[in-house]
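K.L.:
One letter stands for each residue in the lines below.
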Amino acid sequence: MTAREIQAIYQTGKAAPPEIAETFIKKIEELQPKLKALVWFDPEFVRKQAGALTADGKSKGPLWGVPVLVKDNLCVEGVPTTCASKILARFRPPYNATVIERLKAAGAILLGMANMDEFAFGSSCEYSSYGPTLNPWDTARVPGGSSGGSAAAVAAGMTPLALGSDTGGSIRQPASFCGVVGLKPTYGRVSRYGLIAFASSLDQIGPIAKTVEDCALLFSGIAGFDQRDSTSVEAKVPNCLEELKKPVKGLRVGVPKEYLIDGLDPEVKKALEAALEQFRKLGLKIQEVSLPHTEYAIPTYYIVATAEASSNLARFDGVQYGYRSGEGDSLLAMYGKTRGQGFGPEAKRRIILGTFVLSSGYYEAYYAHALKVRTLIRRDFDKAFEAVDLLMTPTSPTPAFRLGEKLSDPLTMYLSDIYTISVNLAGVPALSLPCGFTPAGLPIGMQLIAKPFAEAELFQAAHAYEQASGWHKREPKIR
Amino acid sequence: MAITVKDVEYLALLARIELTPEELKKFTRELDEILAYVEKLKEAKTQGVPPTSHVEALANVFREDEVQPSLKPEQALANAPSREGNFFKVPKIIEAS
Chain A
1 MTAREIQAIY QTGKAAPPEI AETFIKKIEE LQPKLKALVW FDPEFVRKQA GALTADGKSK
61 GPLWGVPVLV KDNLCVEGVP TTCASKILAR FRPPYNATVI ERLKAAGAIL LGMANMDEFA
121 FGSSCEYSSY GPTLNPWDTA RVPGGSSGGS AAAVAAGMTP LALGSDTGGS IRQPASFCGV
181 VGLKPTYGRV SRYGLIAFAS SLDQIGPIAK TVEDCALLFS GIAGFDQRDS TSVEAKVPNC
241 LEELKKPVKG LRVGVPKEYL IDGLDPEVKK ALEAALEQFR KLGLKIQEVS LPHTEYAIPT
301 YYIVATAEAS SNLARFDGVQ YGYRSGEGDS LLAMYGKTRG QGFGPEAKRR IILGTFVLSS
361 GYYEAYYAHA LKVRTLIRRD FDKAFEAVDL LMTPTSPTPA FRLGEKLSDP LTMYLSDIYT
421 ISVNLAGVPA LSLPCGFTPA GLPIGMQLIA KPFAEAELFQ AAHAYEQASG WHKREPKIR
Chain L
1 MAITVKDVEY LALLARIELT PEELKKFTRE LDEILAYVEK LKEAKTQGVP PTSHVEALAN
61 VFREDEVQPS LKPEQALANA PSREGNFFKV PKIIEAS
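Protein sequences, first through last, are from chains A and L.
Just so we're aligned: 302 in this note's numbering is position 302 of the first sequence, and the numbers increase by one with no gaps anywhere.
Just so we're aligned: 92 in this note's numbering is position 92 of the second sequence, and the numbers increase by one with no gaps anywhere.
Because the hints were derived from the structure by calculation, they are not lab data.
The beta-carbon is built from N, C-alpha and C at its ideal position, and this holds for glycine as well.
Relax, there's no trap hidden among the hints.
No farther apart than 30 Å at their CA atoms in a straight line, the calculated lysine-lysine pairs in the BS3-like style are these:
no.: 1; chain 1: A; residue 1: Lys-86; chain 2: A; residue 2: Lys-27
no.: 2; chain 1: A; residue 1: Lys-372; chain 2: L; residue 2: Lys-45
no.: 3; chain 1: A; residue 1: Lys-86; chain 2: L; residue 2: Lys-89
no.: 4; chain 1: L; residue 1: Lys-40; chain 2: A; residue 2: Lys-406
no.: 5; chain 1: L; residue 1: Lys-40; chain 2: A; residue 2: Lys-372
no.: 6; chain 1: L; residue 1: Lys-26; chain 2: A; residue 2: Lys-337
no.: 7; chain 1: L; residue 1: Lys-42; chain 2: A; residue 2: Lys-451
no.: 8; chain 1: L; residue 1: Lys-92; chain 2: A; residue 2: Lys-86
no.: 9; chain 1: A; residue 1: Lys-406; chain 2: L; residue 2: Lys-6
no.: 10; chain 1: L; residue 1: Lys-6; chain 2: A; residue 2: Lys-86
no.: 11; chain 1: L; residue 1: Lys-40; chain 2: A; residue 2: Lys-383
no.: 12; chain 1: A; residue 1: Lys-372; chain 2: L; residue 2: Lys-42
no.: 13; chain 1: L; residue 1: Lys-40; chain 2: A; residue 2: Lys-269
no.: 14; chain 1: A; residue 1: Lys-383; chain 2: L; residue 2: Lys-45
no.: 15; chain 1: A; residue 1: Lys-14; chain 2: A; residue 2: Lys-27
no.: 16; chain 1: A; residue 1: Lys-451; chain 2: L; residue 2: Lys-40
no.: 17; chain 1: L; residue 1: Lys-72; chain 2: A; residue 2: Lys-86
no.: 18; chain 1: L; residue 1: Lys-26; chain 2: A; residue 2: Lys-86
no.: 19; chain 1: A; residue 1: Lys-337; chain 2: L; residue 2: Lys-92
no.: 20; chain 1: A; residue 1: Lys-48; chain 2: L; residue 2: Lys-72
no.: 21; chain 1: A; residue 1: Lys-451; chain 2: L; residue 2: Lys-45
no.: 22; chain 1: A; residue 1: Lys-257; chain 2: L; residue 2: Lys-40
no.: 23; chain 1: A; residue 1: Lys-257; chain 2: L; residue 2: Lys-42
no.: 24; chain 1: L; residue 1: Lys-6; chain 2: A; residue 2: Lys-337
no.: 25; chain 1: A; residue 1: Lys-337; chain 2: L; residue 2: Lys-89
no.: 26; chain 1: L; residue 1: Lys-26; chain 2: A; residue 2: Lys-406
Ranges of calculated distance between the beta carbons of each label pair, as one might list FRET restraints:
no.: 27; chain 1: A; residue 1: Ala-15; chain 2: L; residue 2: Phe-88; range: 43 to 51 Å
no.: 28; chain 1: A; residue 1: Pro-62; chain 2: L; residue 2: Leu-71; range: 23 to 31 Å
no.: 29; chain 1: A; residue 1: Arg-402; chain 2: L; residue 2: Glu-64; range: 50 to 58 Å
no.: 30; chain 1: L; residue 1: Ala-57; chain 2: A; residue 2: Glu-288; range: 28 to 36 Å
no.: 31; chain 1: L; residue 1: Pro-21; chain 2: A; residue 2: Arg-402; range: 26 to 34 Å
no.: 32; chain 1: L; residue 1: Ala-57; chain 2: A; residue 2: Gln-320; range: 28 to 36 Å
no.: 33; chain 1: A; residue 1: Ile-261; chain 2: L; residue 2: Asn-86; range: 55 to 63 Å
no.: 34; chain 1: L; residue 1: Lys-40; chain 2: A; residue 2: Ala-15; range: 54 to 62 Å
Take the sequences, apply the hints, and build the full model.
P.N.:
Pasting the structure below:
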C-alpha cells in the first residue's frame, strides 16, 4: 500500500488512521523477525498517534494518517535514538528534529526507528551494533547502507514511507539494492537540526518510498528553510506533486563517460542501456558528457568525510549522555575506555583516519588538498549542467552483494559508493529509482542527478520513466 | 608513506579511543592501505584552485539576542551517565599531590 493509496482510502472514508496503523503494525510484527529492519518498535506508540488523529477535528495536514519510519539517527523526543551504536544505547532525546516536528504537524504517524550502519558509516547495514538488516529480495544479501533498515522496510511493505540520511550515498544505494525510490535533496534543502551529525558539509535527510509520487509527497513534507540550521537555505519549495506531472519531452540527459568503469556489473550496464532507450522513447535527449575528476571523488570523500566525522564524534565522551565505561579512575582514562568500548570497528577506523588527516604535519597534504580537489569536482558538475538538465548513472556498480562479502576489506566497501559520492561533494540533488532486475531477481537502480534545487525535474523524469517501465509494481517474495 | 603501530597509538590518544593490541595492529595495516589509495589525489592539479569547505556561499546568520525557551535542568540531565545535583559528574581531573 502506497501513501497515495492510503490517502485515497481516507478520501472515500473506507478506513480511518487506527485501521491503517493496525495493518502496518501487523506487517511489521510478521516481517521484523525475518528482516530485522527496525531497531525500536512499540505498537502502543503507533496506536496512540493514530487514535489522536481521529479524535481531533482539526484540518488535515498533507501527510495526515500516513505512517513513516524514521532512521535511527534522527532525534525523536522520548524515543530511543541510538545511531545503531552502543555508545548511544539508552539515549532518549529531549527534543524533536525539525523533520520530525514537520511530520507531526503534517499529521504523519511515526512507526518506529530503522536500522542503519553505526553513525551512518557503511554501505551494507552490517556495521549496526544490533546486527544487519536483510535484503527482502534475497535474505542472504545486504540491503545496502547506511539507511538499509529504511529501504528494506519500504520494499517489504512494512511502511509506505521512510526517512533516511545521505552523506555519500546512504539513501540512494540502499534504495537501489532494495528496489525502491530514494532522494538525496540539495544540500541546505532539508534542515539538519536534530540529525545526529556524521559529516556536516555533506549530510542531508531525505525520503525513501515505493513510488516517485510518494517520494515527492514525503519530500514536500520535510523540505524548507529552518532558522535552527544555519546551512538551511531560504529557497521556495515547489509543489512537487504537481510538478512531477509536467511533460518531460525535450529534457536533456547527460551520461558521463567516466562512469563506464571496470567494476560495472554487465547486468547493471544492460539495464541502464535499456533505461536510456526508454528515455529516448519518452522524448528526452540523450548526450555524452564528461566529469573528468570522477576518479578523485572517493579519496576526496574519505578525507573530507572522516575529518568532519572525527570532529563531530568528539561529543560522545561519556559525560552528558550515552554509554560510560565504569573503568578508568581519571577523566582521560574514562574517555579512552568509554570510546574504545562504545564505538564499533568502522567508527573507530574512520575517527582514526579523520584524526590523521587533520593532525599536525599532514593537514596540508591531505585535508587542505582534498578541499581543493572538491572544488574541481564541483566545477565538473557546473560545467556539465551548462549543456544538460539531468545526469544519469548507475546508482551502484553492482546489485546487492552477499552478507559478509566486503566486511574483511574496508576499501572495497568504500568503492561501492563510486557513483553516489561526488553528488554529496558537489551538494547537488540526486534520486535513485528501480530500472530493472537481474535474472536472479535482484533490483537494479539508476541515479538521476540535477542542478541545485531542481528536485522537481528529478521527480518529473523519474515519474515518467517509472510509469512507462512499471518496475515499481514488482514485490519481493520474502522467505 | 608507511604508517606504524606507534603512529596509530598516537592518533588513538588524540582521538581519545583506547585500542586493544589487536585493534592497533589491524588499524595500522588498514590505515596504510587506505592512505596508499588516497595517494592518487596527489596527481590532481590544484594550483590556484580555492578550497571548498562548504558548497553554499554562506553568510553569517544574525538574530536578536532574545530569551528563548530552553531545556529544563531535569531534561538536560535525564541522559547523564552520572550526576550530582544539577551537575554532570566525571572522574577527578586534578591529581592529588
